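Chemist: Modelling step: build the complete structure from the supplied sequences, incorporating the hints.
In order, the protein sequences belong to chains A and B. Quick note on our numbering: the first sequence kicks off at 1 and runs consecutively. Quick note on our numbering: the second sequence kicks off at 1 and runs consecutively.
Because the hints were derived from the structure by calculation, they are not lab data. Hints may be right or wrong, so weigh each one.
Because identical chains share one entry, a pair is satisfied inside a single copy or across any pair of copies.
[To be verified] Derived DSSO-like pairs (lysine-lysine); straight-line CA-CA distance at most 27 Å:
| hint | residue 1 | residue 2 |
| --- | --- | --- |
| 1 | K307 | K150 |
| 2 | K236 | K251 |
| 3 | K78 | K187 |
| 4 | K285 | K307 |
| 5 | K19 | K285 |
| 6 | K92 | K116 |
| 7 | K305 | K78 |
| 8 | K116 | K187 |
| 9 | K73 | K187 |
| 10 | K236 | K220 |
| 11 | K136 | K236 |
| 12 | K251 | K136 |
None of these values were measured; they are calculated from a predicted model.
Here's the letter readout for the chains.
Number of protein chains: 2
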Amino acid sequence: MNIGLDMMGGDYAPLEAIKGIKLFREANQDAHLTLFGDAELVNTLLAEHGIDQNTCTLVHTTQVIDMHEHPTKAMREKPDSSISIGFQHLAKGNVDAFISAGNTGAMMVGSLFSIKAIEGIHRPTIGAYMPRENGKLGWLLDAGINSDCKPENLVQFAILGSLFAEQVLNIPNPRVGLINIGEEEGKGNILAQAAYPLLKEESSINFIGNIEGRDIFLDKADVMVCEGFTGNVVLKLAESVYPFIQARGIKDPFFDMFEFEQYGGVPVLGVNKPVIIGHGISHGKAFKNMITLAELMIRKDLLGKIKEKFTT
Amino acid sequence: MNIGLDMMGGDYAPLEAIKGIKLFREANQDAHLTLFGDAELVNTLLAEHGIDQNTCTLVHTTQVIDMHEHPTKAMREKPDSSISIGFQHLAKGNVDAFISAGNTGAMMVGSLFSIKAIEGIHRPTIGAYMPRENGKLGWLLDAGINSDCKPENLVQFAILGSLFAEQVLNIPNPRVGLINIGEEEGKGNILAQAAYPLLKEESSINFIGNIEGRDIFLDKADVMVCEGFTGNVVLKLAESVYPFIQARGIKDPFFDMFEFEQYGGVPVLGVNKPVIIGHGISHGKAFKNMITLAELMIRKDLLGKIKEKFTT
Chain A
1 MNIGLDMMGG DYAPLEAIKG IKLFREANQD AHLTLFGDAE LVNTLLAEHG IDQNTCTLVH
61 TTQVIDMHEH PTKAMREKPD SSISIGFQHL AKGNVDAFIS AGNTGAMMVG SLFSIKAIEG
121 IHRPTIGAYM PRENGKLGWL LDAGINSDCK PENLVQFAIL GSLFAEQVLN IPNPRVGLIN
181 IGEEEGKGNI LAQAAYPLLK EESSINFIGN IEGRDIFLDK ADVMVCEGFT GNVVLKLAES
241 VYPFIQARGI KDPFFDMFEF EQYGGVPVLG VNKPVIIGHG ISHGKAFKNM ITLAELMIRK
301 DLLGKIKEKF TT
Chain B
1 MNIGLDMMGG DYAPLEAIKG IKLFREANQD AHLTLFGDAE LVNTLLAEHG IDQNTCTLVH
61 TTQVIDMHEH PTKAMREKPD SSISIGFQHL AKGNVDAFIS AGNTGAMMVG SLFSIKAIEG
121 IHRPTIGAYM PRENGKLGWL LDAGINSDCK PENLVQFAIL GSLFAEQVLN IPNPRVGLIN
181 IGEEEGKGNI LAQAAYPLLK EESSINFIGN IEGRDIFLDK ADVMVCEGFT GNVVLKLAES
241 VYPFIQARGI KDPFFDMFEF EQYGGVPVLG VNKPVIIGHG ISHGKAFKNM ITLAELMIRK
301 DLLGKIKEKF TT
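Modeler: Rendered as structure tokens:
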């Protein structure tokens with residue numbers, strides 16, 4: 001197993017990526033890593049942090065896509081950037097997964113244009129972890145990539161989310177809820193009204209019906225589907241809670257779950273290979289968790305299971 | 001000034017409405033009240049709570065619309081319900097405002113069919129208070145009545161919300177933010193992309209641009225506009241926070257603001273007369289606050305100001 005990691009992505013690159021590798025190694029995890037970035041800089045840091053360089057392959061890249069660059073333009077104009085080269089290696093099969101905490105848009109462009117959507121999947125998606133009062137995690141999708149959706153897209157999100165919840169979050173037969181503004185079938189906007197019967201008909205998922213805003217932090221559904229506009233507003237609202245908790249000196253295990261950094265990053269679901277996108281502010285722990293997630297996605301063959309579902 | 005109050009609406013009717021009247025009177029507020037409900041029951045409770053019956057007019061009604069009845073059906077089949085009779089009195093001008101913590105759908109039907117939308121307003125709306133970390137309140141609309149919207153609807157919500165914020169929340173020149181999934185113009189779903197330039201052009205509001213989910217509990221915009229799907233999910237999510245806080249024994253002034261009951265109810269903005277809808281679980285304090293809100297809306301002539309804006 002060979003996991004590719006963009007060393008130049010994120011606000012604290014490459015130092016926090018290095019710290020993440022160290023934490024990953026300390027947890028006795030032995031996947032081989034391929035590191036994309038400035039070789040001299042990365043080598044020096046690897047040595048400084050006492051990381052065995054035999055467990056990593058270094059691929060020297062000379063360009064960096066900044067956080068605020070226009071994604072398609074940057075991907076075109078910076079062919080030797082760590083993200084561009086990382087995707088080349090992923091496409092060729094030199095690495096089995098690619099991780100970056102860099103420009104999210106560029107990561108999406110790379111995913112859609114070099115790795116491409118799995119046949120049959122109309123809209124690859126990104127999800128988000130949602131804290132639950134009982135200490136478990138829910139999985140909400142779409143978290144902001146697809147802001148206008150068709151009912152069929154929500155069904156595909158539900159299938160992708162269910163496979164992720166089952167394989168990666170270890171939830172057998174995950175309950176799927178449609179985020180809506182009423183409990184009964186027939187409630188909601190045009191999209192939710194049209195998606196409900198399609199979700200009900202889809203035999204490969206465990207659809208439990210509508211859930212409302214008040215259910216999002218409760219363990220009512222394991223997989224919560226909506227278009228990416230509502231999903232993104234919910235995600236950013238949830239992400240805003242932890243700073244309040246910290247600033248006010250509140251210590252509480254439920255609210256500690258709102259520290260989104262601990263979740264590392266999230267996979268782009270629906271593309272042909274494992275791609276994981278991290279938050280720009282990712283620190284060591286987040287990088288470690290992203291590498292662990294990639295390792296788990298490969299070990300469980302999540303992609304194989306998704307492809308099997310969509311091609312049969 | 002004569003404020004109409006449905007005594008039979010809400011989960012704890014009519015006792016909590018009585019308690020609300022008592023609290024309102026104790027605050028030395030002297031608006032005359034017209035109470036719609038079972039006269040014997042209400043009279044007994046007024047006497048028991050030592051409320052001066054000269055400050056109230058009782059209108060006996062024999063029917064009650066339950067919380068879960070189908071709104072239009074219930075309004076048609078229960079012409080002598082407290083809600084139906086209340087709206088009749090409001091339409092005739094016997095009362096200057098009408099308040100109920102009963103069936104929200106029936107209150108909307110009454111608002112739209114007996115009071116009607118103000119000329120020029122396409123979609124009357126309901127807003128929601130949003131707690132802010134600095135102790136102030138924001139105003140989000142639409143909170144769930146209009147789940148599919150056109151860009152022009154959002155502009156009208158912004159105008160209505162601005163007048164409400166200015167007159168009732170006492171915020172001069174309120175800042176209007178468009179709830180979106182990115183900061184820059186051009187971001188978002190089709191609706192948000194189309195609404196942005198219209199909001200920018202609308203000279204009667206102080207449009208500050210897009211705000212994101214993370215800004216909702218921050219004092220970034222006073223008035224936050226979106227369609228009612230996202231708004232309702234956000235509202236119900238926010239409403240779910242206080243029970244967690246209570247259950248976990250957290251005491252904090254910011255999180256105390258998530259006790260939504262304290263805000264009483266919210267007005268239906270865009271109809272010809274003041275109508276206020278409360279939460280089914282309203283207790284005395286909520287009823288008191290709803291009567292106070294009605295009194296303030298009448299005293300400030302909010303409706304006159306809205307009509308002036310939309311007819312010129």
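Chemist: Take the hints in turn and mark each one as holding or not.
Modeler: Status of each hint after checking the structure:
1. K307 - K150: Answer is within: at 21 Å inside a copy they meet the 27 Å cutoff, but 38 Å across does not.
2. K236 - K251: Both, since 21 Å and 24 Å are each at most 27 Å.
3. K78 - K187: For K78 and K187, only the inter-copy Cα distance (24 Å) is at most 27 Å; the intra-copy one is 48 Å.
4. K285 - K307: neither (31 Å within a copy, 57 Å between copies)
5. K19 - K285: Result: close within a single copy only, 8 Å intra versus 54 Å inter.
6. K92 - K116: Close inside one copy (13 Å), not across copies (65 Å); limit 27 Å.
7. K305 - K78: Close neither inside one copy (34 Å) nor across copies (56 Å); limit 27 Å.
8. K116 - K187: between (35 Å within a copy, 24 Å between copies)
9. K73 - K187: between (42 Å within a copy, 17 Å between copies)
10. K236 - K220: Close inside one copy (21 Å) and across copies (15 Å); limit 27 Å.
11. K136 - K236: both (19 Å within a copy, 20 Å between copies)
12. K251 - K136: This pair counts as both: shortest intra-copy Cα distance 18 Å, inter-copy 24 Å.
In this structure, the earlier hints numbered 4, 7 are contradicted, and the remaining ones agree with it.
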